[in-house]
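In order, the protein sequences belong to chains S and Z. Residues in the first sequence are numbered consecutively from 1, following our numbering. Residues in the second sequence are numbered consecutively from 1001, following our numbering.
Read the hints as simulated data drawn from the structure, not as lab findings. Keep in mind it's a predicted model, so treat the numbers as computed, not measured. Glycine is no exception: its CB is placed at the ideal position from the N, C-alpha and C atoms. Warning: the hint list may mix true and false statements.
With a cut-off of at most 20 Å between alpha-carbon atoms, the simulated DMTMM-like pairs for lysine to aspartate or glutamate come out as follows [to be verified]: (1) Z:1135 - S:142; (2) Z:1026 - S:142; (3) S:436 - S:458.
So these bits of chain S aren't anywhere near chain Z, every CB distance computed over 12 Å [what the hints assert, rightly or not]: (4) 34; (5) 37; (6) 64; (7) 72; (8) 88; (9) 92; (10) 156; (11) 180; (12) 276; (13) 331; (14) 389; (15) 392; (16) 412; (17) 422; (18) 477.
2 protein chains.
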Amino acid sequence: MSKKERTAITPTREQDYPEWYQQVVKAADMAENSPVRGCMVIKPWGYGIWERIQRELDDRIKATGHDNAYFPLFIPLSFLEKEAAHVDGFAKECAVVTHHRLQEKDGKLIPSGELEEPLIVRPTSETIIGELFSKWVQSYRDLPLLINQWANVVRWEMRPRVFLRTAEFLWQEGHTVHVDEEDARKEVDVAVEMYRQLMEDILAMPVIIGEKTESERFPGAVSTTTLEAMMQDGKALQAGTSHYLGQNFAEASNIKFLGSDGELQHAHTTSWGVSTRLIGGMIMCHGDDDGLRVPPRAAPKHIVLLPVIPKAEHEESVLAYVEQLATELRKLSFAGSPVVVHVDKRDLRGGEKSWQWVKKGIPVRVEVGPRDIENDSVMLFRRDEGPKDRHQLKRDELLEQIPQILQGIQDTYFAQAKAYQEARTRSDISSLEEFKAYFADAKSSTESGFVRAPWCGDESATEAILADLKVTIRCLPREQGNASGNCVLTGKPATVEALFAKAY
Amino acid sequence: MSKKERTAITPTREQDYPEWYQQVVKAADMAENSPVRGCMVIKPWGYGIWERIQRELDDRIKATGHDNAYFPLFIPLSFLEKEAAHVDGFAKECAVVTHHRLQEKDGKLIPSGELEEPLIVRPTSETIIGELFSKWVQSYRDLPLLINQWANVVRWEMRPRVFLRTAEFLWQEGHTVHVDEEDARKEVDVAVEMYRQLMEDILAMPVIIGEKTESERFPGAVSTTTLEAMMQDGKALQAGTSHYLGQNFAEASNIKFLGSDGELQHAHTTSWGVSTRLIGGMIMCHGDDDGLRVPPRAAPKHIVLLPVIPKAEHEESVLAYVEQLATELRKLSFAGSPVVVHVDKRDLRGGEKSWQWVKKGIPVRVEVGPRDIENDSVMLFRRDEGPKDRHQLKRDELLEQIPQILQGIQDTYFAQAKAYQEARTRSDISSLEEFKAYFADAKSSTESGFVRAPWCGDESATEAILADLKVTIRCLPREQGNASGNCVLTGKPATVEALFAKAY
Chain S
1 MSKKERTAIT
11 PTREQDYPEW
21 YQQVVKAADM
31 AENSPVRGCM
41 VIKPWGYGIW
51 ERIQRELDDR
61 IKATGHDNAY
71 FPLFIPLSFL
81 EKEAAHVDGF
91 AKECAVVTHH
101 RLQEKDGKLI
111 PSGELEEPLI
121 VRPTSETIIG
131 ELFSKWVQSY
141 RDLPLLINQW
151 ANVVRWEMRP
161 RVFLRTAEFL
171 WQEGHTVHVD
181 EEDARKEVDV
191 AVEMYRQLME
201 DILAMPVIIG
211 EKTESERFPG
221 AVSTTTLEAM
231 MQDGKALQAG
241 TSHYLGQNFA
251 EASNIKFLGS
261 DGELQHAHTT
271 SWGVSTRLIG
281 GMIMCHGDDD
291 GLRVPPRAAP
301 KHIVLLPVIP
311 KAEHEESVLA
321 YVEQLATELR
331 KLSFAGSPVV
341 VHVDKRDLRG
351 GEKSWQWVKK
361 GIPVRVEVGP
371 RDIENDSVML
381 FRRDEGPKDR
391 HQLKRDELLE
401 QIPQILQGIQ
411 DTYFAQAKAY
421 QEARTRSDIS
431 SLEEFKAYFA
441 DAKSSTESGF
451 VRAPWCGDES
461 ATEAILADLK
471 VTIRCLPREQ
481 GNASGNCVLT
491 GKPATVEALF
501 AKAY
Chain Z
1001 MSKKERTAIT
1011 PTREQDYPEW
1021 YQQVVKAADM
1031 AENSPVRGCM
1041 VIKPWGYGIW
1051 ERIQRELDDR
1061 IKATGHDNAY
1071 FPLFIPLSFL
1081 EKEAAHVDGF
1091 AKECAVVTHH
1101 RLQEKDGKLI
1111 PSGELEEPLI
1121 VRPTSETIIG
1131 ELFSKWVQSY
1141 RDLPLLINQW
1151 ANVVRWEMRP
1161 RVFLRTAEFL
1171 WQEGHTVHVD
1181 EEDARKEVDV
1191 AVEMYRQLME
1201 DILAMPVIIG
1211 EKTESERFPG
1221 AVSTTTLEAM
1231 MQDGKALQAG
1241 TSHYLGQNFA
1251 EASNIKFLGS
1261 DGELQHAHTT
1271 SWGVSTRLIG
1281 GMIMCHGDDD
1291 GLRVPPRAAP
1301 KHIVLLPVIP
1311 KAEHEESVLA
1321 YVEQLATELR
1331 KLSFAGSPVV
1341 VHVDKRDLRG
1351 GEKSWQWVKK
1361 GIPVRVEVGP
1371 RDIENDSVML
1381 FRRDEGPKDR
1391 HQLKRDELLE
1401 QIPQILQGIQ
1411 DTYFAQAKAY
1421 QEARTRSDIS
1431 SLEEFKAYFA
1441 DAKSSTESGF
1451 VRAPWCGDES
1461 ATEAILADLK
1471 VTIRCLPREQ
1481 GNASGNCVLT
1491 GKPATVEALF
1501 AKAY
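Take these sequences, add in the hints, and give me the full structure.
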């Protein structure tokens, strides 16, 4: 066992937050970089968390009337060009397919069979889906059209970082078509509310919801609603977005319908997405200096049972007892699904095994040895407590209390994240000097955070100040605080409260 | 309503089987071709079937100890080259990424940022996964390593056909590493048994399991076990394969481990996959001249409730009654999961609505109108019967009988498919003349089928005969029938019974 002052992860969050992040991903065996530049490999523990996210979100997507479908990986170059802002936004990060076979030449394989028109590996699918929707939609009776896709997308990243920023990532993208702006904007909010539930109730990650300013909008969108979470270094992570696309993409893709009034008109569309980036957010929101902490509702496994076998003669009886206990635990349910129990029978030193699970962030560890069996008890460790804090429980107490213990851990993580988000959000900064001092001086890993302050709404007048500080307007929060008085940046009369932060 | 002699699909299977297939896909609104050559769009009804396949197979994959993970979409060209037979097998059908951005030139966007090494969009992932496994595997304690991936893959197809043969398709690929041949071959069989259950128990599609001959093996495999299904035109569909790769890929990717004997050695690997092709198989196995027939265990929805509203004044009471009935039906379970019920409230002519569901192949349709409500009864239609065969059931009888009705339809589809598979398999052909006559003369959509016959095992001596007839050896069935006597093709002494057929 490590000593009290030692941590399982080196460096600590305070010492070097970015490196701490990489070390947590490694220690929890969640993902790794691949030999393909910028593309990650998601290992079983990381992928298991993604599967939990998928299941929770997919249930909500279906319950709100959306159907899943699947569209092509490739987009013809000419499609991308149809929406001007859109192609500007993605042209610099596209993987381009130019050939459809390989051919030997001078003993080497080279690309061959050049395509007449290059294909882009989808960075997002508005343009290809729009093309198909233009055929599916004829009349107002076909609307709303509510479609979702689970897929991989590629955006060539120059500075990749596992989960947070990778050339290939996994996501879902909702694409919907509506008769008018009102119906489309309602849909934007349906998506935002699903995302809020996923982030807050499942990932225990509190978010601030608001509108993006023009420069931060999705390329081609009329408005972008974002959900912003605070990481433990005080930076913001854009955790998900939902876009009202107006008639921009409907015009680009010619999505028209015959209205109930007999008029042929362009539809209003939306799109919305969250990705494997959420896993990076979860790590940075909850991880500590001993590694990952997975909220129980996002955990691939809730409980690991660790048989303690001091001598070979104990093996059979301890394993039998543990398997029986696992069977009974699996009959319990937590948050509407069966409790997931893993029995770790590997032939490894107990301390090492236990620490592996601490680093993976499994919510509950339960040790059972011969003496526990004699006492009809077990030793329980909660990941929301110190690695050595233990609870001796009677076997029956364990079975009775497990669902509440898991919910307790879930609640603790949310409360802790909410507390640091609130503690590190300043609403009292009123001058440019204070604003600059706050972002320039604060040591980012422990002191800086969010600033909520009145803003004049003039992006061109404020972009230089913000760029110097490497700060962005994360959103104009839906729940407005103080928007009166003067703009914190320009001193001009303010029109709205903005949320400022450094961001991932 | 259509007249008795008319069918919902034109042409019928007998008139033009390939065109019938396309029309069923269209009539059931399952998928369509996209503007990207060879890439299909899977629409909600088709994708819903894929989701059922995924859920059923994924549960089995996990229950047999495999973990899901995710590997890069792109494979460096040099990786593909590591296994000679493998690259030969895939070089002619690779999508090649050569650039990573777009740039404007003379007012046009062109590929820019040429990659130092081209990337292949994965046609299958042995080489990239092998590279990673070589780092994950160090000792015999790390084995077996049992990994599965759900992903999209691309194989450039010159003659694409929706579901059956598309440039991009969805699949799962299992990749496992073992200490020795025995353990690896056991794994091959574990996968085959999962596939058999999926195909026979879920898709109601009987299969013949056997070994591929050398020329039909996966490029780079030591042996390939296949599951072959018969379509209603008598042709074979390779529905899934499981490969023992020997040490070929372990050598190519340098997957070595320190054995319990202290020796460093190459591991033995397997891979196995099924794809969206299964949906094409399901269509061709069960569809009839009125459209698709989905086996209940593979159906996204089991029952559609069709409110019959003769006059506007009935609307409220009928809809309330139907919603209440839906709620009660949803509490029932079929094959371990809740019964999935859809209430179709669309404002459409009853006949048209009903026929849409016939063509989609939903297992059960239930009509409820004012008179039914008065009688406390409903009108039930089963897709395994004629479109006009109806059953008047009391409401309670419906609730009581639905699980058995669904199982009955499931069993009927399997029994029908098994019956035509058996009826159209000839085991009595003993001369080359008969063999030629059978495959050359039979009208493929109604008469031809499988031939099981003794074979000499000499591929080079028989390939020309088979190529002329466009027949292949589908497999050497695991359950051998008559392998004695002389080879049906060469007259030489036979060594094995082979299964011959035309194939997709």
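Against the structure, the hints:
Restraint check for residue 1135 of chain Z and residue 142 of chain S: the C-alpha separation of about 52 Å exceeds 20 Å, so the hint is violated. A hinted pair counts as satisfied when its Cα atoms are at most 20 Å apart, and residue 1026 of chain Z with residue 142 of chain S qualifies at roughly 17 Å. Proximity of residue 436 of chain S to residue 458 of chain S is assessed by CA-CA distance (about 18 Å); at most 20 Å being required, the pair is judged to hold. A beta-carbon of chain Z comes within 12 Å of the beta-carbon of residue 34 of chain S; the shortest separation is about 5 Å.
Interface exclusion of residue 37 of chain S from chain Z breaks down, the closest Cβ pair being 9 Å apart, not more than 12 Å. The Cβ of residue 64 of chain S lies farther than 12 Å from every Cβ of chain Z, with a closest approach of about 15 Å, so its non-interface assignment holds. Its beta-carbon lying about 4 Å from the closest one in chain Z, residue 72 of chain S breaks the requirement of being farther than 12 Å from that chain. Annotated as non-interface, residue 88 of chain S brings its C-beta within 12 Å of a C-beta of chain Z; the closest such distance is 10 Å.
For residue 92 of chain S, the shortest C-beta to C-beta distance to chain Z comes to about 5 Å, within the 12 Å cut-off, and the non-interface label is violated. Not every CB of chain Z lies more than 12 Å from the CB of residue 156 of chain S, the least distance being 4 Å, so the non-interface label is violated. No beta-carbon of chain Z comes within 12 Å of the beta-carbon of residue 180 of chain S; the shortest separation is about 20 Å. Once the 12 Å rule is applied to beta carbons, residue 276 of chain S is inconsistent with being away from chain Z; the minimum gap is 9 Å.
Every CB of chain Z is more than 12 Å from the CB of residue 331 of chain S (nearest about 16 Å), matching its label as outside the interface. Every Cβ of chain Z is farther than 12 Å from the Cβ of residue 389 of chain S; the closest lies at roughly 30 Å, confirming the non-interface assignment. The Cβ of residue 392 of chain S sits about 32 Å from the closest Cβ of chain Z, beyond the 12 Å cut-off, so the non-interface label holds. With a least beta-carbon separation of about 28 Å from chain Z, residue 412 of chain S lies farther than 12 Å from that chain, consistent with its non-interface assignment.
Every CB of chain Z is more than 12 Å from the CB of residue 422 of chain S (nearest about 35 Å), matching its label as outside the interface. Residue 477 of chain S, annotated as away from the interface, keeps every beta carbon of chain Z farther than 12 Å; the closest lies near 35 Å.
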